[in-house]
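> Sequence:
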Amino acid sequence: MKLKNVRSLALAGCALLALGYAAAQTAPASTVSPAGSSTPAESKSINDWLMRMHEASKKRAYIGTFVVSAGGAMSSSKIWHVCDGNQQMERVDTLTGAPRSTFRHNDQVVTFMPEHKVARSEKRESLGMFPDLLRSTDSRIADFYKAGKEGTERVAGVDAEVIALVPKDKMRFGYKVWAEREKGLLVKLQTLDLDGKVLEEAAFSELQLDAPVKMDKLLQMMKKTDGYKVEKPVLIKTTASAEGWTFKSAIPGFKPMSCYKRPAGPDGGDEPLQWIFSDGLASVSIFVEPFDAQRHAKPSTLSLGATQTMTRQLDNYWLTVMGEVPLSTLKLFANGLERSK
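With the working numbering as the guide, the letters of the sequence shown map in order to residues 1 to 341.
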């Protein structure tokens, strides 16, 4: 994952998952291994499914329109994706809200904001959006989720296998995924709360597989920045320990993935920091910045679909913690952070 401001991370979190049915079913009852352990067969099964979906999202050529809904809000986007050997190219256009066109060529991302005539250029390994489910290729996912097949359904004219990913503890949400039968492309995704109710849903409403997407044409469009002010946000890779931060105790299943900071503003002070964690499916980001009494209100919590947000003051710092996890898990992150120096 990559450093984003709070607003864009919230949008990306919503785009990852989203729309709700009134009721959703969890996986059929079965013997569950304790959280933190899994049998070799369980690990192979769930990891095989997830890697198949992950690879399909990278290697299949497709054009589609997907709809995302969370917390009563709905949005839609159109996506073009093509792969040529090790070269990845995709374009995502928003169809609702402010117009945005985002292009990604491997790890280079350019987002066009036509109403401001601004193009933002940055490096990211992925857009972190539907239909890519995995946040990391962690073989320990089976220690914290069990998987069960629930039959087949059609989504956007495509036959799909339905798979439930059920958490083995109450520290993470569950998922229900619809994967195209032929090669495993994710065509629909639901995020379920601890009671099995749908918090968010993302699904293709139209999908053309093996579409004739031309990489060179998309590259030309990506490079066409005439008339736009090109912004290149500066990100500095670091570690939490180097910045003087640590946790009182580890959060089960969540591993630190990366840590970035931005250069300090003109008024000096500490650089804003983002520390990213993931259990392979869900992710949590901790944003740390100097406390400013004029800008930072009282501590608060906010829920939008599966995305929870908490803010609080810690000594001379202001924390914003955001992730697709239960609020109780987010509190462990928010309250567990401390200065190490």
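Rather than coming from a laboratory, the hints here were simulated on the basis of the structure.
Check the hints yourself; a few may be wrong.
Below, a list of computed lysine to any residue pairs in the SDA-like style, where the Cα atoms sit at most 25 Å apart [what the hints assert, rightly or not]:
(1) Lys-59 with Cys-83
(2) Lys-123 with Lys-217
(3) Lys-58 with Ala-211
(4) Lys-341 with Ala-211
> Now tell me, hint by hint, if it's right for this structure.
Here is how each hint holds up against the structure:
1. Lys-59 with Cys-83: holds, 5 Å
2. Lys-123 with Lys-217: Judged against 25 Å, a Cα distance of about 21 Å means the pair holds.
3. Lys-58 with Ala-211: holds, 14 Å
4. Lys-341 with Ala-211: Violated. Lys-341 to Ala-211 sits at ~54 Å, over the 25 Å cutoff.
Checked against the numbered hints listed earlier, the structure breaks hint 4 alone; every other hint is satisfied.
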